[in-house]
Structures are given as C-alpha cells and as structure tokens.
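Enquirer: Spelled out, the chains give:
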Amino acid sequence: MDSVLALLLNGLNSSALILMAALGMVIICGLMGVINLAHGELIMVGAYTAYCATQLLGLNFAAAMALAFAAAALAGILMEVLVVRRLAGRPAETMLATFGISVLLQQLVNIIFGAQSQYVAIPIKGNFSIGKVVVPYYNIFTVCFVAAVMAGTVLLMKKTKFGRRVRAITQNRDMAECLGIDSARVDTVTFAFGSGLAGLAGALAAPVKSVSPFMGGPYLVNSFMTSVVGGIASFFGTAVGSLMVGESTALLGGVSNDVTANILVFLMIIAVIRFKPEGLFAKERR
Amino acid sequence: MRRLAEIPVNRYLDFALFLALGLFPLFGSLFYTQLLEKYLVFLIFAFSLDLVWGYAGLMDLGHAVLFGLGGYTMALSLSAQEGVPEFMARYGVKQVPLWLQWIVPQPAAVLVCILLPALLAGLLGRFLFYSRVGGVFFSVITLALAEIFSLFIQSQQEYTGGFNGIGGLPGLSLFGHSLSLAEGYYFVFLMVLLVYIFCRALMTSRFGLVLRGIRENETRLEFLGYGQARFKTAAFALSGALAGFAGALYVPVNGMIAPNDVGMEFSTAAVVWLAIGGRGNLTGAALGTLLVNVLGNALSEHFGAYWQLLLGAALLAVVLFFPNGIVGSLQLAVRGRTVRKGAARRE
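Protein sequences, first through last, are from chains A and B.
Numbering of the first sequence is given in the numbering used here, commencing with residue 1 and proceeding in unit increments.
Numbering of the second sequence is given in the numbering used here, commencing with residue 287 and proceeding in unit increments.
The set of hints was computed from the structure by calculation and includes no laboratory data.
In this text, a Cβ means the ideal position worked out from N, Cα and C, and glycines have one as well.
Keep in mind that a hint or two might mislead.
[Unchecked claim] Covered stretches of chain B, going by a simulated chain A footprint (3 or more residues, C-beta under 8 Å):
(1) 428-436
(2) 544-557
(3) 587-599
(4) 605-613
Isolated chain A (complex conformation) (with noise of 0.2 Å):
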C-alpha cells in the first residue's frame, strides 16, 4: 500500500513537471499553431539563468524564477521578431528553423558553460512522512506553484482584453485585426509569455533534475506528447494529459522500468491519436 502511494504522489510530482513544461507549448503550438522545435532549449535557458542566479550570483529561488521567466521570454521575443514571423503560414519551414535555433541555443550554452551538468541546490529542505512515504517539501512546492501557475494562465486567457484577443486572433486573424487588433504585436506578446513558462519550467526543475547543455530533447517530446493527447490548444486537456503520462510512467516504472513505461505510454498515446485524433479533450478538429 505504501509503496502504491509512494508511486503515486511521485506521479503527481513528475505530471506537475510534465505540465509546466507542456503549458509553454499549450500557448505556443495549441493558441498560435507555431511548432516550435527549440521549446527543449527555452526550458534550458530557464535552468540555466536559475543555476547563474543561485550559484553564482547568489540570488535567492524566487528571484531566480522571475530571472528564469524573463531570460526565455527575452529568448522568445528574439525567436518571434528575427524568425518565426517571417514563417507565419509555413509550418515545416518553421520546424526547421526552430530546430536550427534549438541547435543555436544549445551550442552557445555549450561554448559558454561547457557540456557538464550543473548543480542547483534544492530551495525548501527538509520532508515529512505519510506512514513510510517520505515527501520533501520541495514536491509539494512543485506541486502548488504548478497549479497557481496553471489557474492563473487559464485566468489571463479567459478573463482578461490580452487573453480574448490572443482567442480571437486564434479563431479569425484577419477578422481580429479588423476590429483594429495589433496581431503582430499580441502574437510577440503571447510567444514571449509561453516562452517565459517554458523558462520558468526550467527553473523549476533544475533543482531535481540534471541541467545540461543537452537536457531539451526529452522536455520537448514529453510535452508534445501530452499537449496531443490532450488536445493541442486545451489547458485542462493538457492537465488532465500530463497527470495521465505522469501517473502512468510512475506506476508502470513501479511495476517494470522506466523505459519500458515510456515505451507503453507512447503507444497508448500513438492509439488515442488513430481513434480520437483530435485529442481527448479537443472542442474542434483539427
């Protein structure tokens, strides 16, 4: 039993990792419809500008976060003027060039900070135990910014002026801009702020896991993954999508290892795509 809840609350600790680094995307590729192959390195920007901040800096976490959100979302405000605009209606190009950004990105952290992993020490020490299960705080602090962090995106894009024109804009561009909305500029403004989650992920998980020059790839599969069987442009998709893979890596990782879970869940992601390939939670097709 204690090993199940073990397995468990570990799950939830990995699908708020999981999401956090899909939101980015969610914003990104689901409102925008950009695919952006350099979401990996913008989470690795995000770790990076917290190891500086924390080590060698010797900035307090929290500070290291809003540093964390700002670095990636200069990165991405960079990425949406110099390249992706010029793209816009191209998406294989765009893949392309996001892929020879993500190359960029990784090459000059690699020249700056060599190709070792970073260390970044763990914010909030200490644990607490459930029967045997032993739970650091660190994992519930994840577990709480993640949702705070979720409910408050969900929050700017349904309740806000900036959150309807970024829907309008998604629904009807040239309708949006019509009725005099700057499409140019909230499209900047919206890539810069799923930069900065993307960023902000990476901050988050530097302390728990290895920060590499090399750490995007699998950043970016898990989140693609998750976002697709969610439905790509669906927040509570992409929650219910992330608790899903999260969950059921731990637990088949319980059972059998790790690889053979990841393998299992993309198999189970490859059937969701044949049978509902809009994803689960998707309103339209797309």
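Given chain A's structure and the hints, the job is docking chain B onto it.
Expert: Just chain B, lined up with the frame of chain A:
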C-alpha cells in the same frame, strides 16, 4: 545543343557527383576512401528520406529509427556468426536466442533488415495517415518515436550492448569472400547507383506523380480517386525499406553501431543535410549529405562546438533565405536566366 540545354541543371550535378565519387579511390588516400565509403551509405539514407520528405511532403524527424532497425539487425547477425557474442555473454546470456538464430544466415539478415523497417513504417502509416494525421503532427510523432527508440535500445543491454552499442564487427563480405577496401567502396558505390536509379524511376512513374500531386494538393487528388493514405503509407514503407538497407550496409562499413546512430541526433542530422542541399530532386540530398559531412569532418576536429553552431546558423539561414536548398535555388536561378533569355529573343 538545344536538347542539351533542356536537361535540368541537377542532372549535370548528379553526373559530376557520381563521376567524382567513382574516381575518388584512384586518387584519394586510404583514410579518406574509408570515410567516403561511410558517406556513400549516408547517401542511400538521404535518398530514402527524400522519398518521404521531398516527394511525399512528410517531414520524418525519426527516420534514423528505420535506419537503426536495419543496422541493429545486421549488427546482431554479424556478431552472432560464431555463437554467443561477447557482449551478450557478459550479461549472462548462455546460448543464442531463437530469433537471433534465424537471422544468422546473411541472406535472411538482409531480408529482415529491409522488411522490418518497412513493416514498422507501414504500420505507423496505417495508424497515422488513415486518421488523417499528416503534416507537422507526423513530424512530432516520429520525433517522439526516435527518442523512445534510442531509449529502448539503451535499455536492452543484453541484446544491444546498451549505451556502448555493438562493435568490433567484420567488414563487408560477399559469398564468404571478404572485400578489400577498394572492392568494398565500389560495392557500396554500386548500391548507391542502384538506389538512385530506383528512386529516379519510382518518382517519374505514375506512383511518383500521384505522390507529388498529393504533396501539392491533397484534396484535389482525393477527388480524382487517389486515396492519400494508401499512397503515403506505401511511400513511407518503401522509404523504410531503403533506410533499413542503408543501416544494414552501415554496420559492416563502419564496424560498429551505437544508440547515437538511431535516435533524434542522427534523424535530425539527415533532415539538416536535405534542408541545406534541397529536397525533392535527389541531387540536393546527395549534395547536402556530402557537403555537410565532408565539411563537418574537416572542421569539427579543430572547432568542435563552433562547427555545430555554424551548422545551426546555416540551417536557419537556408530556411529563411533559400527555402528550396542549394539545388532548388540553383534550379530557380538557371530557369530564371533561360526565361529571361527567351524573353530577350522574342523582343
């Protein structure tokens, strides 16, 4: 003279490239001949990617999975020629497993190398294209497949050698006679030529025409009665067979195979070759592959990470400024000049 001018510019390039490749061992050093032999194998892989990406318009970001299936099958077969391979014995495998016994005879191994990837590609196509998953989602799913496949290979240590891969394998041999370096080079060269001719013939056939039609306007071709899913699946499976064949050749040529050769890294590398060289005419695939690999070999020794940085920047520049790649841009330039000449003559 007019008929000569009508031959597209990339045919001349093809001819020049193959001539250079064919003559190289007569003048080049042994070291570079061996290196070029490996790049020849990459050419077959690049052609197979060009079939799905250039002609069918499906950007496969996990093409190395198909390459790797062929490669690992061949590596297992070669390593089990004389009983239990050393790396398996290290993990306590006492006798050759039954499935491995089947692929020990070389003809069977080659067959499996070609059929297994074709089967995987066909199944994936059956699942994806029939539910109308195409375009970028196809790329995303194949990317995920590449990541998972290399994890899988690394986890099956007793059968794949794990992270270190399978090494120390014998070189090319035909009917029990092992080939010298020059013989091996020309054998691979012949294979490249055959694959090139096969792809060329395939793409000028009705099948290729329909495939290109689907790439340009899927809805219209469906109205004409050509089901997109059937053609895309067939193209993907064929490309899988070729990629598997390239993998099977790669193993004896390179002497080893490792998870790096089957995952995201190698898949995206091939995508970069085609993006830089140009797609949909085979010439671009060949030129891009040779250019990137030869330059990479010359530069990465001294500049390491900077070469990768340069490659990323080059990819970005090509996508932004020459979306058709080197050969595509060249074709456009030549065509533009002949059009201008024609216009001048009319005046």
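Enquirer: A separate judgement is required for each hint: does it hold in the structure or not?
Expert: Hints versus structure:
As drawn, the stretch 428-436 of chain B meets chain A at 5 residues by the rule of a beta-carbon pair under 8 Å; at three or more, the given contact holds. Against chain A, the stretch 544-557 of chain B contributes 3 residues with a C-beta closer than 8 Å to a partner C-beta. That satisfies the three-residue criterion, and the hint holds. Residue count for the stretch 587-599 of chain B with a Cβ under 8 Å from a Cβ of chain A: 7. That meets the three needed, and the coverage hint holds. Coverage of the stretch 605-613 of chain B by chain A holds. Counting CB-CB distances below 8 Å, 3 residues qualify, and the rule asks for three or more.
Violation of the numbered hints given earlier is absent; every hint is satisfied by the structure.
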